[in-house]
Amino acid sequence: MSTTQPSSLASVANARIGRTQASSATGTGLEARGVHAWFGKNHVLADINLEFAAGSVTALIGPSGCGKSTFIRTMNRMHEFIPGAAMAGQVLLDGKDVYAPGVDVTKIRLQIGMVFQKPNPFPSMTIGENVLSGLKLAQIKVENKDELLESCLVRAGLWNEVKDRLGAHGGSLSGGQQQRLCIARALAVSPQVLLMDEPCSALDPGSTLRIEETIRELSDSMTIIIVTHNMQQAARVSDYTAFFLSDGGPGEMIEVARTSEIFSQPKDQRTENYVTGRFG
Amino acid sequence: MSTVAIPTKPWAKSPQDRILGLTFLLAAIAFSYFFVAVTEMKGKLAYAFVFFVAYGVITSTHSFITRGPQAAKDSFVSTLVSLGAVVTVIPIASILFTVVQKGLPGLHLGILSNDMSMATPTDPIPTGGVLHAITGTLTLVVLALIMSVPIGILTALYLTEIKGRFAGPIRFLVQAMSGVPSIVAGLFILSAVLYPITKNYSALMGALALAVLMIPTIARTSEEVLLLIPNELREAGTALGGTQWRTVAMIVLPAARSGLMTAIILGIARIAGETAPLLLLTGGGDKVNPNPFSGSVGSLPYYIWKSFNAGSPEAITRAWAGLLILMILVLILFIAARALSNRKMSK
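Respectively, the protein sequence lines represent chains A and D.
FYI, the numbering used here numbers position 279 of the first sequence as 270, with every residue one higher than the one before it.
Count along the second sequence from 1, then add 945; that gives the number in the numbering used here.
Please note that the accuracy of each hint is not assured.
What the hints assert, rightly or not - A partial selection of chain A residues facing chain D, derived with a Cβ cut-off under 7 Å:
1. Thr97
2. Phe113
3. Gly125
4. Leu128
5. Lys132
Unchecked claim - Taking beta-carbon pairs under 7 Å as the criterion, some of the chain D residues facing chain A (in silico):
6. Glu1177
7. Leu1178
8. Thr1188
9. Arg1191
10. Ala1194
11. Ile1196
As the list claims (entries may be wrong) - Rough simulated footprint, nothing fancy, chain D against chain A, three-plus residues with beta-carbon under 8 Å:
12. 61 to 72
13. 99 to 111
14. 176 to 182
Just so you know, these hints were derived from the structure itself, not from any lab.
Just so you know, even glycine gets a beta-carbon here, dropped at the ideal spot from N, CA and C.
With these hints in hand, go ahead and build the complete structure from the sequences.
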């Protein structure tokens, strides 16, 4: 495998900046304050402080096992889904701690949507039902379901491929289409923040490109946090990049900056080593 | 200059191979006849046994000569595996054969529309019928299903979805319960419900005992089915803002539908032919009893037992006919449940 050229990644990232400055995103920002995470006695994440500006795309990069996925799962409180999980710190959505007592966790997850690594459409539902499943799950009433269905699929870049077979099963789609279906499903409940946990790692390059286009279009209307192992992808889609690393102990955030800076002049030597492909 | 390719199967057996195989088969059959004739061995089983040994020896010797010791082992094990399959099928096939052979003479036009209230065991076959037994068995199965399906599936959901503190002990108890002898379930309902409370035979009493037997089967099978549903689906439902109950009801249970149907079928299979508790609890009346909550009620297993006990040739023929009908009934229930679960899945 060839070593990634940092200068080329930086230029990809610079091209991206020119584009996003045109966008006038408003919405809800997200902030992590001193977030730690444990699985049982195993301390996997230490003291993460990160701010995600409204309408920005932030890429989380770093070697496997450094706690990136765990970190985004603390954002929408999916972390507690795993037996033995524990956390410390605050996650502020629009200034309010999502872990405060009395907070309705299902409401938090409606505001902070999530797309998983493996496409996971619901097997017992049709394509259309899959998209609208979030409304049914959360018992939300909508005036015009067909309109919402179409707009979600259009925004996920899937409408043209499935508009004639909305009654087919989700499993009949290709992997890339399934993942875009999962994105459409997450969009239907209109979240302010979208978490994406390596959404393209199981997909071919063509599907990956389609999803990156989708991410860029969505960033006009929502805050996106994406975990990725693909540095080209981080450079292509994100405004900010945070580098996570674990040296045997709990994962830490080494550095966060504008994506173009991370790839051209990282402050930390370890970041430079990672983005130039010298390890990881 | 492209030639048209013709699909062939170069790995298929050649005519020579087939002839050789047939020769071995005939040789083995001939040998088994010869061997049984000259030795003390007798009966069909002896033929089958000698045939398999001879066939195994002949084919593996042939493989040894043409292809060496590894091939010989391969053919020998192939014969052994085939033998295993045949040995499994023999009892099932012979049971089916016997039941059909002995049950057919007992069938007559009115068998499904008459009951035994106006017939005695020595009456000729065309009188009487099994209407009371069929309606009784159906009542018992339906009542037992109504009680055990919700309890069984809820137990499985507790074990797989809630994973509460008592999951371990409950799993242990459910497993232990699936080994409870049916007579124990019958005696339990007799002493705990029938004697102290209702003081009367009824379909409900029988169904209670059947439900006790059925719940562990349904709970265990459902648990295994639910464990097969990938965790990602539960996570996806939860991440979309569903509560655990909504996620289970909308996503997990529909995804497990056909497996849960199998669990219910296995539950029915467990109890459809159950006799011991019915002898204690249902009274086994000869008349159709429309009230499932009170009064003696017949059932197919009870009818079969009663007819065999009566001992007259007519009664024994009736018992075989009852067996045949019971087996057909179970088969119909199986097919119906399968069709129901498949239709929903292939929508």
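(message) Let me make sure I understand: some of the numbered hints might not hold for this structure. Which ones are they, in numerical order?
(response) 5 and 10
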